[in-house]
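*Asks:* Numbering of the sequence shown is given in numbering that gives the first Met the number 0, commencing with residue 0 and proceeding in unit increments.
Derived from the structure by calculation, the hints contain no laboratory data.
Some clues are possibly wrong.
Unchecked claim - Beta-carbon label-pair distances, calculated as ranges:
#, residue 1, residue 2, range
1, T137, S56, 34 to 44 angstroms
2, T79, G117, 24 to 34 angstroms
3, S33, S110, 43 to 53 angstroms
4, T137, E13, 22 to 32 angstroms
5, P90, P131, 16 to 26 angstroms
6, P131, A53, 34 to 44 angstroms
Just so it is clear, the structure is predicted and the values come from calculations on it, not from any experiment.
Even glycine gets a Cβ: it sits at the ideal position worked out from N, Cα and C.
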Amino acid sequence: MSEGLERTVRAAAEEPIGMLGLDLETVDVSRSGSKRLVRVAVDADGGVGVDDIAKASRAISAALDADAAMGEQPYTLEVTSRGLDRPLTEPRHWRRAAGRLVSVTLADGSSVKGRVVGSDADGVDLTVGTEPRRIPLTDVANAVVNPELKPTKDA
Numbered sequence: 000m001s002e003g004l005e006r007t008v009r010a011a012a013e014e015p016i017g018m019l020g021l022d023l024e025t026v027d028v029s030r031s032g033s034k035r036l037v038r039v040a041v042d043a044d045g046g047v048g049v050d051d052i053a054k055a056s057r058a059i060s061a062a063l064d065a066d067a068a069m070g071e072q073p074y075t076l077e078v079t080s081r082g083l084d085r086p087l088t089e090p091r092h093w094r095r096a097a098g099r100l101v102s103v104t105l106a107d108g109s110s111v112k113g114r115v116v117g118s119d120a121d122g123v124d125l126t127v128g129t130e131p132r133r134i135p136l137t138d139v140a141n142a143v144v145n146p147e148l149k150p151t152k153d154a
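Could you put the whole structure together from the sequences, leaning on the hints where they help?
*Replies:* Given below as structure tokens:
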């Protein structure tokens, strides 16, 4: 689908989502039969619950209808949380991953697996094995949270 339409949906949804205390993470617009499928992912410090998703869905739907962003063509709106498998691309993602085990691929092609112990706008602090390691965000090519069934007590 058109990147222009995704930008239009993002522009219409950002303010109402922000008013709910949520971050608008991704917007994807695609075809689903004769309708458009609008998928929006949101996140927040402390996570996003079912009530947050419901409020976000109502707010985005109202914003899209008021703005006529989708035109006359029918659409289906799906609002979800960011998800565990999404890459860590923003400083807020790293902040929210504190205590979590992550896999990081660095720009030089090497990889690191460690636990996030801190982060700021410039980098992330990991514990790799028993050693502390600082990684500048500019050196990160890709990073994801590793699912753990039983995180350590320190996490």
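*Asks:* If you check each hint against the structure, which ones fail?
*Replies:* Violated hints: none at all, because every hint is consistent with the structure.
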